[in-house]
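Asker: Take a look at the letters that make up each chain.
Protein chains: 2
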Amino acid sequence: MQTFTIKSPLDMHLHLRDSEMLRLVAPYSAEAFAGGVIMPNITPPITTLEALHAYRKRVLEACGNHLFLPYMTMFLKPYEESFFEEAAAHIIAMKLYPAGVTTNSEEGAKNIDSLEPQLKAMEALNIPLSVHAETHSPNLFEREQNFLPILEHIAKKFPKLKVMFEHISSKEGLKLVADYENIYATITLHHMTLTVDDLMGERLNPHLFCKPVVKTESDRDAVLEAALNASPKVMFGSDSAPHPRESKESASAPAGIFSAPAILPKLVEIFERHGKLDNLQNFVSDNAKSIYGINPPEKFVALEKSEYRVPSLCKNRDTEVVPLFAAESCLWGISSVE
Amino acid sequence: MQTFTIKSPLDMHLHLRDSEMLRLVAPYSAEAFAGGVIMPNITPPITTLEALHAYRKRVLEACGNHLFLPYMTMFLKPYEESFFEEAAAHIIAMKLYPAGVTTNSEEGAKNIDSLEPQLKAMEALNIPLSVHAETHSPNLFEREQNFLPILEHIAKKFPKLKVMFEHISSKEGLKLVADYENIYATITLHHMTLTVDDLMGERLNPHLFCKPVVKTESDRDAVLEAALNASPKVMFGSDSAPHPRESKESASAPAGIFSAPAILPKLVEIFERHGKLDNLQNFVSDNAKSIYGINPPEKFVALEKSEYRVPSLCKNRDTEVVPLFAAESCLWGISSVE
Chain C
2 MQTFTIKSPL
12 DMHLHLRDSE
22 MLRLVAPYSA
32 EAFAGGVIMP
42 NITPPITTLE
52 ALHAYRKRVL
62 EACGNHLFLP
72 YMTMFLKPYE
82 ESFFEEAAAH
92 IIAMKLYPAG
102 VTTNSEEGAK
112 NIDSLEPQLK
122 AMEALNIPLS
132 VHAETHSPNL
142 FEREQNFLPI
152 LEHIAKKFPK
162 LKVMFEHISS
172 KEGLKLVADY
182 ENIYATITLH
192 HMTLTVDDLM
202 GERLNPHLFC
212 KPVVKTESDR
222 DAVLEAALNA
232 SPKVMFGSDS
242 APHPRESKES
252 ASAPAGIFSA
262 PAILPKLVEI
272 FERHGKLDNL
282 QNFVSDNAKS
292 IYGINPPEKF
302 VALEKSEYRV
312 PSLCKNRDTE
322 VVPLFAAESC
332 LWGISSVE
Chain H
2 MQTFTIKSPL
12 DMHLHLRDSE
22 MLRLVAPYSA
32 EAFAGGVIMP
42 NITPPITTLE
52 ALHAYRKRVL
62 EACGNHLFLP
72 YMTMFLKPYE
82 ESFFEEAAAH
92 IIAMKLYPAG
102 VTTNSEEGAK
112 NIDSLEPQLK
122 AMEALNIPLS
132 VHAETHSPNL
142 FEREQNFLPI
152 LEHIAKKFPK
162 LKVMFEHISS
172 KEGLKLVADY
182 ENIYATITLH
192 HMTLTVDDLM
202 GERLNPHLFC
212 KPVVKTESDR
222 DAVLEAALNA
232 SPKVMFGSDS
242 APHPRESKES
252 ASAPAGIFSA
262 PAILPKLVEI
272 FERHGKLDNL
282 QNFVSDNAKS
292 IYGINPPEKF
302 VALEKSEYRV
312 PSLCKNRDTE
322 VVPLFAAESC
332 LWGISSVE
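Residue numbers (my numbering), protein chains in the order written: chain C, 2 to 339; chain H, 2 to 339.
Pulled out of the complex, with its shape left as it was, chain C reads as follows (with noise of 0.2 Å):
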């Protein structure tokens, strides 16, 4: 049986929820992965460090007995500048919404330039800046485009801030952070499989409905390409971000993939299928290590090539989610966890 084992790897960008939520999907994550940054947008979004240590036992609770560290973040706001210093020791970036252009994120930031203060403090202490690298510019399908000369200004303004552009989408997108030094990437599972057709070619799947936008098929061609070659500046970063089934199947349905259950058979299976499974090591754990500079716990998850499918539903009591690739086969599952 052909194996292939991952030390330690982790998810750079992850969404857990809270309560029954967080109960229901953290042991995905858990399991998998041997830690994960945790977003902060729930509700209310984490802006105290008392709500950060109340978050941070929720989660490990969730996880059980699974080796997991959560990496905490908090929403950015006009924080006093000796607060970063405070909370330099409890987070390992600070998470910048662009107002209201995802889930809770209405609290977001309306002006860069208003955080002045507060970037110049985090580059002082090394807290790295994540960034939502979306504008609210009509056409959700130019709108992380849009946001890239913010970025630019940012990387400019602060070259020693480390600046996450986090679940980058587009061509565009990967040319800035091959220009710009400070400015690393996350991609997702989703973005380097999917583009607009699978969500709504057809018929129209909200299921696979997120933010920023699958895009067209260069724009996924460059992110695969981009997360097969695991250059030193891109690492994994599944923004998996589930909601409610009946939420998702309604007239009004909220932006967000929850990828959690397929990730890393998915991830063998593509880089296998194209012949870059020597770069996976770097693009789901090593490269992470490196940009953050963080030493996760030592776990090795060992994947065997055998058919795994992807469950149709997660659920439990109160909550069912539909995950990506549900009801899917994969090539490969994880066979042990040590």
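There could be a bad hint or two in this list.
Going by beta-carbon spacing under 10 Å, a handful of chain C positions derived as facing chain H [as the list claims (entries may be wrong)]:
(1) 137
(2) 196
(3) 198
(4) 204
(5) 218
(6) 246
(7) 249
(8) 252
(9) 327
Okay, the calculated beta carbon distance ranges per label pair [said to hold, decoys possible]:
(10) H:279 with C:328: 54 to 60 Å
(11) C:328 with H:65: 42 to 48 Å
(12) C:274 with H:276: 55 to 61 Å
(13) H:330 with C:203: 33 to 39 Å
(14) H:4 with C:317: 55 to 61 Å
(15) H:90 with C:203: 56 to 62 Å
(16) H:278 with C:137: 32 to 38 Å
(17) H:218 with C:301: 47 to 53 Å
Think of the hints as simulated: they come from the structure by calculation, not from any bench. Think of the CB as a built atom: it goes at the ideal place given N, C-alpha and C, for glycine as much as any other residue.
Using the hints, position chain H against chain C.
Answerer: Just chain H, lined up with the frame of chain C:
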């Protein structure tokens, strides 16, 4: 009270479905319009005169006491040429769906060539060709544009064939209509009012998902302008296309917007807002009469300027459909029909 009266409004592209759905939706169109072009894509599609007569009878029954003339169409297939002579008296057009075409425009043109004897017969008998002008190419936003060379090819090869470019949705498409004497277009209410951001700029609304998909602001503005100016080459065709609510609010939503309950109130509101009320009679009736050479029943539909609320849901015993502009207010409502 301000009033506005339209003489014999016509909906030149209408899906009435069958059975319970037909009985639910037909009265909305039959009340407000003097006639409509009834699309043949029921199950099974209309491909014989027997099926056509039987469907016409069911349509008329569903229209109840409303004065409404259904102009029938059939699926274009490789019928014997003699069949067109027989069919001519019973149909207003033959409908070509891109399933009969193929992935790219070059091959599409080749496939169209296989229908040459049929198109020639239609040209000789003055039977218009109604076209869903989209290829199957990847990126659904470009499918209409990719179909334009096929339309051009048909228009050139059969200069006396009237080609109806249905539910036109792009500025490039409108340019083609202007360039060819024998290409005409229908314009929907949704393509003159919505962009892709209405579909999924914030949350995703499957009730606004249709083919061709609603596009950018500049496409929407071009379509709106063409409607407002009511050039003799364009006419109103709603493409009102109901699907059951549970099917639209699912993991696999079909394309189609049910606009029938909102049409005339919204059209009067839009044309008035742009100071173009004088053009509405042409757009919603007279242009179609000239283009198709038809003489619909005389029917005067009066609207008055008092609030009309579009239903939040249209339902009968077994079927529920969410209409376009559900629960929204219009400045105008239908006050009398004579």
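Asker: Taking the hints in turn, state whether each one holds.
Answerer: Comparing the hints with the structure gives:
1. 137: Holds. Min distance 9 Å.
2. 196: 7 Å, holds
3. 198: Because about 5 Å separates residue 198 (chain C) from the closest Cβ in chain H, which is inside the 10 Å limit, the hint holds.
4. 204: 5 Å, holds
5. 218: 5 Å, holds
6. 246: Cβ of residue 246 (chain C) sits 8 Å from chain H, so the hint holds.
7. 249: Holds, about 8 Å.
8. 252: OK, holds: residue 252 (chain C) within 10 Å of chain H, min 6 Å.
9. 327: 8 Å, holds
10. H:279 with C:328: 54 to 60 Å: 56 Å, holds
11. C:328 with H:65: 42 to 48 Å: Distance hint for residue 328 (chain C), residue 65 (chain H) holds at roughly 45 Å.
12. C:274 with H:276: 55 to 61 Å: Holds, at about 59 Å.
13. H:330 with C:203: 33 to 39 Å: 34 Å, holds
14. H:4 with C:317: 55 to 61 Å: 58 Å, holds
15. H:90 with C:203: 56 to 62 Å: Between residue 90 (chain H) and residue 203 (chain C), where Cβ atoms are some 37 Å apart, the hint is violated.
16. H:278 with C:137: 32 to 38 Å: 34 Å, holds
17. H:218 with C:301: 47 to 53 Å: 52 Å, holds
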